[in-house]
Amino acid sequence: MNKTVNHKAWFLVLPVLVLVAFNAFIPLMTVVNYSVQETFGDNTFFWAGLIWFEDVLHSERFHAALVRQLTFTFTILAIEIPLGVVIALTMPKRGIWVPVCLVTMALPLLIPWNVVGAIWNIFALPEIGLLGQVLNGLGIDYNFTRQPGAAWFTLIAMDVWHWTSLVVLLAYAGLVSIPDAFYQAAKIDGASTWAIFRHIQLPKMKRVLTIAVLLRFMDSFNIYTEPFVLTGGGPGNSTTLLSIDLVKLALGQFDLGPAAAMSLIYFLIILALSWIFYTLMMRDEER
Amino acid sequence: MPLDLKGVSKQVGGETHIYPTDLTLEPGVFNILLGTTGAGKTTLMQLMAGLERPTAGEVWFGGVNVTGMPVQKRNVSMVHQQFINYPNMSVFENIASPLRVARMPKAEIKARVERMADLLKLTPLLGRRPSELSGGQQQRCAMARALVKDASLVLLDEPLANLDFKLREELRDELPRLFADRDCVVVYATTEPVEALLLGGNTATVFQGRVAQFGPTGEVYRRPGTLTSAQVFSEPPINTAPVTKDGATIRLGEHTDWTAPPPIQALPDGAYVFGIRPHHVTLAPDGTHPVAIDGMVLVTELSGSESVVHFRLGADDGAAPWVSQSHGIHAVPVGQVARLHMDVAQGLYFEPDGARIAA
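Just so you know, the protein sequences line up as chains A and B, in that order. Numbering-wise, the first sequence is residues 1 to 287 according to this note's numbering. Numbering-wise, the second sequence is residues 288 to 646 according to this note's numbering.
Where hints are given, some of them may not hold.
Listed below are the simulated DSS-like cross-link pairs for lysine-lysine, each with C-alpha atoms no more than 25 Å apart in a straight line [said to hold, decoys possible]:
{"hint": "1", "chain 1": "B", "residue 1": "K360", "chain 2": "A", "residue 2": "K187"}
{"hint": "2", "chain 1": "B", "residue 1": "K397", "chain 2": "A", "residue 2": "K187"}
{"hint": "3", "chain 1": "B", "residue 1": "K397", "chain 2": "B", "residue 2": "K453"}
{"hint": "4", "chain 1": "B", "residue 1": "K453", "chain 2": "A", "residue 2": "K187"}
{"hint": "5", "chain 1": "A", "residue 1": "K187", "chain 2": "A", "residue 2": "K204"}
{"hint": "6", "chain 1": "B", "residue 1": "K408", "chain 2": "B", "residue 2": "K393"}
{"hint": "7", "chain 1": "A", "residue 1": "K206", "chain 2": "A", "residue 2": "K187"}
{"hint": "8", "chain 1": "B", "residue 1": "K408", "chain 2": "B", "residue 2": "K360"}
{"hint": "9", "chain 1": "A", "residue 1": "K93", "chain 2": "A", "residue 2": "K248"}
What the hints contain is simulated information worked out from the structure, not anything from laboratory work. These numbers come from a predicted model, not from an experiment.
Excised from the complex, chain B in its bound form (with noise of 0.2 Å):
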């Protein structure tokens, strides 16, 4: 049973949280909601959850208008950031708390926390209170209560930002797993492009309280509907410089210019903005169509297998500066001018309003 939005739009005193959006989610998949830190995914999981009423707008659920209709007859069930256990109850008391408010018989409660439990492999720890826990082992707790009542709608809030990174990777292997043989539509918030990607499904990019795209989270990372979804779904963010069109030439300022790829040079001569993602942009020259271009270089951070490099084009005009992504350590100077290759193939073209021009 799909979940609808219809125009759900929320504002709270004269302050919109969420403007009017539209928003179909499909059972069986990972339907992700992408954005930063107050973009209104906590808002918009809230609003599908039935915890906040919208000011306008529908929330329809297996073609049953649920709007207004309270949480707690929706069999919803939700995992937070934060860890959210009862505190004087032992973890079995915790995974069965939404059973028995059900009013499930006693030996199925049982099986299904045992069951639960073997899954999450919480097994040994059943007699334990939350408080006994590590952080890794009361989220799992948490997610076991979620998982256990058989929810039609299960929304996971940045579930994995509180824990380790161990810890998160780990889990967030597991979690396809544990929603393989479900019949539920299944939301997971996350600041993180990586998870995203990691997760699959499909994702909804969200930023300052829209959704700017939703689809197949490949289609949504490779072909971005607009600036704001490409730049919501980088890490490190999207390099961006305004252009000019003459003809079949590109113009990136005085820096650089190359020739357009042949639906870009059907559009009428004038103003763009190319885009072009860190791993594009490397130290040696890569990809189908390397371009070369200078810059000052402001920043290096070497992890183990790649090289960052954060740099300016030409005079610092408040822009914000370049990211490079190269494989291999690389030992660049900092305050001198470094010869970068844009692979310019894999280069995003956006109107001045944003709109991305198929290429």
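Chain A on its own, in the form it takes in the complex (with noise of 0.2 Å):
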């Protein structure tokens, strides 16, 4: 076969080219363009070379933050799934309560985020929240922004009541997508709850799962507004997550360069554990 050579069909892609390079390849290529090179900030450059790669890979403050995001990311992923998995069970499948029930779920993610984190801030205030109040109230001593294991709570607390909402109605599309006749089936066979559970429902949830998953990981590890909203990162720096950490270093201390090559090692750090995620969720199916 022939193939037509046309050099005008260019120039139907080129619009799409434009928007790409604008809002994503040129940004990145910007940041790469400072990660190897030191500036002083009135447009002149140095060569630096991956100094700043060094710099931060080696750097305590970079990884006590990357410990800190790891542990938030598990934690919050190890409540969320499970506890997703396990509303969208017990919620109906028909009924004049499906509505309700769907929509309850979803308002938390109406939410915007910045209100979400002010929302927890007012909540947990020792003084003046129900939250804080309750717990003091209770004999419990808690003052989320003074004890960094009250923050951790609170901040783990707000996720999980924002975002568990999105796993809960992805297994519940996957739930009430099972034909009723499999139900039946395994009626017949005399299959325990558990059973059901283990063999029909969650196999048949398997692919919304894999989304959720991915979808919280990364959304978590990306995730800056609520908690600098909350406590801002502290107290110390207790609760400062590796985007939290990104921002002071590049506009609180205007270290460019930094900056520029943790950008770049988040960005990787992300990439590389959602591939793993993927490819480890998705072995099954390829066999």
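Each of the two chains sits in its own frame; use the hints to bring them together as a complex.
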């Protein structure tokens, strides 16, 4: 077969190329540019090679933020995924309560992120907040602005409150797509509730749960707004996650080179971990 | 052991899905539930299995009242229209699953699964997952699961409906062989009259939540008890028209008339309903008492070896068009009047209320 050569066709993809260039490629290249050079702010650059990458990779501060980030992400995944599945399993499959449940579940997802942070900040304040008052009233010494443990508890509770709904909705979509005949077949076999979950519901939910894990992983690894509003990374540096640390470095200290290098490392970590997750979870499908 | 439904009915939220039904199903033959989608075949099966509890009436099995007994205690198996297998288990594990629940020894499970796989030609596929099988193989796997545990009641709910034509024929031929040496009650739901005739046994015609008639399949086909039963058990649909009896003459409107058979002649004069199956209305005279009738041709369908002509008697009065089925290929121009021939000896006569008159 002879292909028709027509260079005019390039004009048709040009708008997309321009768009992608301006919103993805050029900003990314700017970061790459900063990450290998030293600048003093007056638009003069000196070649720095991989110094910033070495600095960041050897920095105690980066290690600490990364550990905090991994702790945060895996904690919320370990809570939100099972909790979301359990809530989805208990939701009605038909009847008038379905829309009520779905709308209630969707509500936290509709709230702007900085508002979520503000709501939880006020909610948890020990002097005036409902949560803070109740906990202290019960005799628990709780002050998230001073105690790192309390700050972490509040941060995780906020994320669970905000994002479990997403897992619930995805898992629910997977559950309602299972034909009734599967449950009848299981009933005829005399399968237990656990066997039904293990051999019918879980395999049928697998694809949507894979997506749920990936979305929650990437979103939580990028989280910035809510902890920024809630704790601002404190007390001390105890809730300074990667993104908060990055903003402190770039905008607080104006260390553009190290910040750019850190951005790229941050980006590569998310990319690599997402790929590992996806590969592990889809391994069975391809067999 | 026979299965008895005694006055079983099912209502869901004020809506009647099954009207009170009496039915006795014997083991060793195919019991066919024939009816259109939504007639209540699946609900009847769920009542038989114990997946649904009847609103009123009782279900007896082998002389024991099993109404309200949960399905897992009844030794029932079922094959659905969708291909239902456990997605994360191999074919072997799928077939073995009912035996594992029954805690059968491992060696016996293996022997049984292998015998079943051999019977259903699944042996080379035992290690695969259901998603790696074709539709026909998936349904074979589901059937093997239903047959492996020696259930005393086997329910097959349109098992071949989602398969393509060739596979359907192939599996349908195998079905009687699979049940040949089993002493279980087999219930088979289908929407296709041809399938009922091919599988034989007994047939119940189901229409709008009621069993219209139950008896040996050939009997129900040849001697439908009611007009409804005849309509359910006819594909293409049976042709019907109001007729008047006047002495020895049956008059079909202005179109034609003929001499009634003796048992009909003995009836009082008046209005009756005449029914005749499409293959007794042909383009060439056929049978013992051909009677000519003219019809306006609406549609002609030519298949490999037969011609199907849809036509209208007289003016368009909203009545369903008639259908004629003739051997051979006949080109009949649409929109013109064609002469057809009814073999009235094969006709059925019904009271105006639908009960058939024996003739």
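Cross-check of the supplied hints:
Distance hint between K360 of chain B and K187 of chain A is fulfilled; the C-alpha atoms sit about 10 Å from each other, no more than 25 Å. Restraint check for K397 of chain B and K187 of chain A: the C-alpha separation of about 23 Å stays at or below 25 Å, so the hint holds. As the CA atoms of K397 of chain B and K453 of chain B are separated by approximately 31 Å, the hinted pair breaks the 25 Å bound. For the hint linking K453 of chain B to K187 of chain A, the alpha-carbon distance of about 32 Å lies beyond 25 Å, and the restraint is violated.
Distance restraint check for K187 of chain A and K204 of chain A: the Cα-Cα separation of roughly 17 Å lies within the 25 Å cut-off, and the hinted pair is therefore satisfied. For the given pair, K408 of chain B sits about 22 Å from K393 of chain B by alpha-carbon distance, which is consistent with the 25 Å threshold. Straight-line distance between C-alpha atoms of K206 of chain A and K187 of chain A comes to about 22 Å, which keeps the hinted pair within the 25 Å bound. A distance of roughly 30 Å separates the Cα atoms of K408 of chain B and K360 of chain B; the hinted pair therefore is violated under the 25 Å criterion.
For the suggested pair K93 of chain A and K248 of chain A, the alpha carbons sit about 47 Å apart, so the restraint of at most 25 Å is broken.
Comparing the model with each earlier hint shows violations of hints 3, 4, 8, 9; every other hint is respected.
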